[in-house]
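*Asks:* Sequence:
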Amino acid sequence: MNALNRKLFRDVWRLRGQGLAIALVVASGVAVLVLSLSTMEALRETMDAYYDRYRFAHVFAGVKRAPERLADRIAAIPGVQSVETRVVEFSVLDVPGFDEPVTGSLVSIPEDDGPHLNRLVLRSGRLVRQGKSDEVVLNEPFAEAHGLQLGDTLDAIINGTKRSLRVVGTALSPEHIYVLGPGALMPDKKRYGILWMGQDALAGAYDLEGAFNDVVLTLMRGAEPQDVIDRLDTLLDRYGGVGAIARKNQISNWFLTNEMQQMRTMATVLPSIFLTIAAFLTNMVLSRLIATERSEIGLMKAFGYGTFAIGWHYLKMVMIIAGLGILIGWLFGAWLGRFNTQTYAEIYRFPFLLYRPSPMAFMISGLVSLSSAMLGALIAVRAAINLPPAEAMRPPAPPLYRNRGLLATGFGGWFDQSTRMILRQMVRWPGRSLVTIIGIATTVSVMIMTLQWLDSIDALEVTQFQDAQRQTLMVSLTDAKSEDARFAFKHMPGVLAVEPARGVTVRFTSGLRTHRGSIEGVLPTARLQVVFDTSGRVIAVPDDGLVLSSVLAAKLEVGRGDSVTVKVLEGRRPELTLPVVDIFDTYIGTPAYMHLDALNRHLREPPSLQTVSLFADENDLPSLFAELKENPSVAGVVLRQAAIDMFNETLGQTVLIFVWIFIGFACTLAIGIVYNGARIALSERGRELATLRVLGFGTTDITYILLGEVAILTLIGLPLGCLLGTGLCWVMNTAFATELFRVPLVIEASTYGFSVVFSVVATVISAALVQRRLSRLDLIAVLKTRE
1 MNALNRKLFR DVWRLRGQGL AIALVVASGV AVLVLSLSTM EALRETMDAY YDRYRFAHVF
61 AGVKRAPERL ADRIAAIPGV QSVETRVVEF SVLDVPGFDE PVTGSLVSIP EDDGPHLNRL
121 VLRSGRLVRQ GKSDEVVLNE PFAEAHGLQL GDTLDAIING TKRSLRVVGT ALSPEHIYVL
181 GPGALMPDKK RYGILWMGQD ALAGAYDLEG AFNDVVLTLM RGAEPQDVID RLDTLLDRYG
241 GVGAIARKNQ ISNWFLTNEM QQMRTMATVL PSIFLTIAAF LTNMVLSRLI ATERSEIGLM
301 KAFGYGTFAI GWHYLKMVMI IAGLGILIGW LFGAWLGRFN TQTYAEIYRF PFLLYRPSPM
361 AFMISGLVSL SSAMLGALIA VRAAINLPPA EAMRPPAPPL YRNRGLLATG FGGWFDQSTR
421 MILRQMVRWP GRSLVTIIGI ATTVSVMIMT LQWLDSIDAL EVTQFQDAQR QTLMVSLTDA
481 KSEDARFAFK HMPGVLAVEP ARGVTVRFTS GLRTHRGSIE GVLPTARLQV VFDTSGRVIA
541 VPDDGLVLSS VLAAKLEVGR GDSVTVKVLE GRRPELTLPV VDIFDTYIGT PAYMHLDALN
601 RHLREPPSLQ TVSLFADEND LPSLFAELKE NPSVAGVVLR QAAIDMFNET LGQTVLIFVW
661 IFIGFACTLA IGIVYNGARI ALSERGRELA TLRVLGFGTT DITYILLGEV AILTLIGLPL
721 GCLLGTGLCW VMNTAFATEL FRVPLVIEAS TYGFSVVFSV VATVISAALV QRRLSRLDLI
781 AVLKTRE
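Under this note's numbering, the first residue of the sequence shown carries the number 1, and numbering increases by one thereafter.
To be clear, the hints were calculated from the coordinates, so they are not data collected in a lab. Owing to the predicted nature of the structure, the values given are computational and were not obtained by experimental measurement. Watch out, some of these pointers could steer you wrong.
Calculated lysine-lysine pairs in the DSS-like style (CA-CA distance at most 25 Å, straight line) [to be verified]:
hint: 1; residue 1: K190; residue 2: K162
hint: 2; residue 1: K7; residue 2: K316
hint: 3; residue 1: K189; residue 2: K162
hint: 4; residue 1: K555; residue 2: K567
hint: 5; residue 1: K555; residue 2: K481
hint: 6; residue 1: K64; residue 2: K481
hint: 7; residue 1: K132; residue 2: K162
hint: 8; residue 1: K64; residue 2: K190
hint: 9; residue 1: K481; residue 2: K248
hint: 10; residue 1: K162; residue 2: K555
hint: 11; residue 1: K481; residue 2: K162
hint: 12; residue 1: K64; residue 2: K248
hint: 13; residue 1: K189; residue 2: K248
hint: 14; residue 1: K567; residue 2: K64
hint: 15; residue 1: K555; residue 2: K248
So the derived label-pair ranges between C-beta atoms look like this [claimed, not checked]:
hint: 16; residue 1: S550; residue 2: R507; range: 16 to 26 Å
hint: 17; residue 1: A554; residue 2: L523; range: 24 to 34 Å
hint: 18; residue 1: T565; residue 2: A749; range: 31 to 41 Å
hint: 19; residue 1: S550; residue 2: T726; range: 44 to 54 Å
hint: 20; residue 1: W13; residue 2: N258; range: 43 to 53 Å
hint: 21; residue 1: G727; residue 2: G160; range: 56 to 66 Å
hint: 22; residue 1: I663; residue 2: T726; range: 43 to 53 Å
hint: 23; residue 1: R527; residue 2: E461; range: 18 to 28 Å
hint: 24; residue 1: L745; residue 2: A626; range: 37 to 47 Å
hint: 25; residue 1: D544; residue 2: G151; range: 55 to 65 Å
Every residue gets a Cβ at the ideal spot worked out from N, C-alpha and C, and that includes glycine.
Let the sequences and hints guide you as you build the complete structure.
*Replies:* This is how it looks when you write it as structure tokens:
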């Protein structure tokens, strides 16, 4: 081992505390990158394998009633590989031991061998058999939530008739990874389930023998889904088709791909923050280390070491520190990635999990991290290798001591001698002070960004479930009913108020832009489920025209006063041209509203409704539930409180995990920045502080001189960090916005307060570590040090 390498290892050991702090910051960035990339890879690989093995369809289409012979014509569409027709209906279930009405989706499957597309992953029991009209296979999460075992029974209202169904199996399906009931925002495995019944049994129950009301297709490789969809819609139009959709818009797949999009965003934005700070810390430590080793550099050059050898010596130090951080980040990131992927697998209920992080995730994270650390070191190394030997061996010219700024005025006399020393140090080295301030501000901003997610979720819950929804429950009907249904619900037990609504599936068109969605018809006097703008105003729908969400308006590139072409995809399927009367902001989805009477008029139908919002006395809910379970016109029930509970439970499984992870990273960041700053200051000022001790200053005095500067810089950095954190939150909220969710930019005062307190505590811990070293300062050894 040559002399430079021995010096390298001595330096690394001497700077082990500072090096470890930098390594942990690097590890945080690497861990976030590995976590995001490996989770995204695992979800994508698991999803693709699941879809492929169990033949998840590429195109889905609903229809009112179509004859089975139409399947041959569908199969003849160019690009179609295989076709499977089925019957799909909603039903209200009565589950033993559960008082609330449960919504069930009844899906037909061929008896004995099951579906050929969207195949079932049988988890227990068997499939339904020919001639057994009472047998069903349940989706596994629903069965587990209610403790239903093979052989148990539950009641269902099927086409107006109450029937008892026997459980013969449990299964999973690639079509129902994210099991979302009608009108729901979050999966609720207790109140919504999938029931697979025999084809003959379900078709017979709904008078669909020799017919179907739903069809799924797989396509040949290279086939364009939209071309197939256009031809399929043409075939189904005369039979009441409601518009085919591609796999990318299928509700379960859509939620899953949105989640992966947010993972991709996190893999881009968050590691950049930590790795930028790692580069900043590396530069800060190395530049000040080189300044203290100025004479050693001169000696090395005098002994014949070249510019490259000296530069490579210091770069190797950075590589060792960064390499340690990368290794820690790889291990911790891989563990977090597996943990996170398992969490998602439990939420989405994959039948298997493929967590095989590719070398690419580790290579990318290692290369990016090492590059950022080396970039931070290059400026400092360049300064070292450019020093001529004779100049390097001389101590640097001492700074010019004179009063400046506040200290030059009469106010300078207000401060004691120790405080003036602190202020002079800050004034003489403004660059170093600014670096420390920015570092502390960054710590505060990362904490604010992390905790802001909790504030945003609370605000989202309040807006969605308190301001916009005020009903006790919402009831979906099997089909559109007359106004008489409204009065029938009003006379049910405990019902205090009833509000009707109706939704229709449509295709919006504006120029070359299209969007498949729905229009919700509501009354301007609605009070239970209102059109609520995030600014706090309730919007009364106009007599005619549309009220669009801002995201939908932006997608269609329309504003107030513009017109939109609306193709209704059900009933008489009219094509309308409607004006955009108002635009509002919402956090969830891309809704569109209009007056209920105007909607019925445009559909050329008498006053009709398809959902009712009920406000009911909680004491009468058991009686109301019992009556709803027996009502043949009810297709599904969504309870507002249950939706709130599931919202909190689902987000608690994901967001809270990330919050705690990033709180840990922010703690690492805070201690790394403050400890490094104070520790380097101690190295630079050790002789000065030892001299003060000899002159009679006590340990408390020199501790105040050294750490008082850190305290002042921290106080300056805190408000700057609050401002920086607000900007960082805006960047993150903008980056994470999708059609499905927009997280509100809400930062509570308590978030600022906790972030500030947290940063102060981290500063105190770091200062305590440095003070412990200061109290052990060897005065004789330090004073013998040659200037």
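*Asks:* The structure should be examined with respect to each hint, and the outcome stated for every one.
*Replies:* Comparing the hints with the structure gives:
no. : hint                      : in the structure
1   : K190 <-> K162             : holds (20 Å)
2   : K7 <-> K316               : holds (11 Å)
3   : K189 <-> K162             : holds (22 Å)
4   : K555 <-> K567             : holds (17 Å)
5   : K555 <-> K481             : violated (33 Å)
6   : K64 <-> K481              : holds (16 Å)
7   : K132 <-> K162             : holds (17 Å)
8   : K64 <-> K190              : violated (29 Å)
9   : K481 <-> K248             : violated (32 Å)
10  : K162 <-> K555             : violated (45 Å)
11  : K481 <-> K162             : holds (20 Å)
12  : K64 <-> K248              : holds (23 Å)
13  : K189 <-> K248             : holds (23 Å)
14  : K567 <-> K64              : holds (17 Å)
15  : K555 <-> K248             : holds (17 Å)
16  : S550 <-> R507: 16 to 26 Å : holds (20 Å)
17  : A554 <-> L523: 24 to 34 Å : holds (27 Å)
18  : T565 <-> A749: 31 to 41 Å : violated (47 Å)
19  : S550 <-> T726: 44 to 54 Å : violated (22 Å)
20  : W13 <-> N258: 43 to 53 Å  : holds (49 Å)
21  : G727 <-> G160: 56 to 66 Å : holds (59 Å)
22  : I663 <-> T726: 43 to 53 Å : violated (19 Å)
23  : R527 <-> E461: 18 to 28 Å : holds (20 Å)
24  : L745 <-> A626: 37 to 47 Å : holds (44 Å)
25  : D544 <-> G151: 55 to 65 Å : holds (56 Å)
Checked against the numbered hints above, the structure breaks hints 5, 8, 9, 10, 18, 19, 22 and satisfies the rest.
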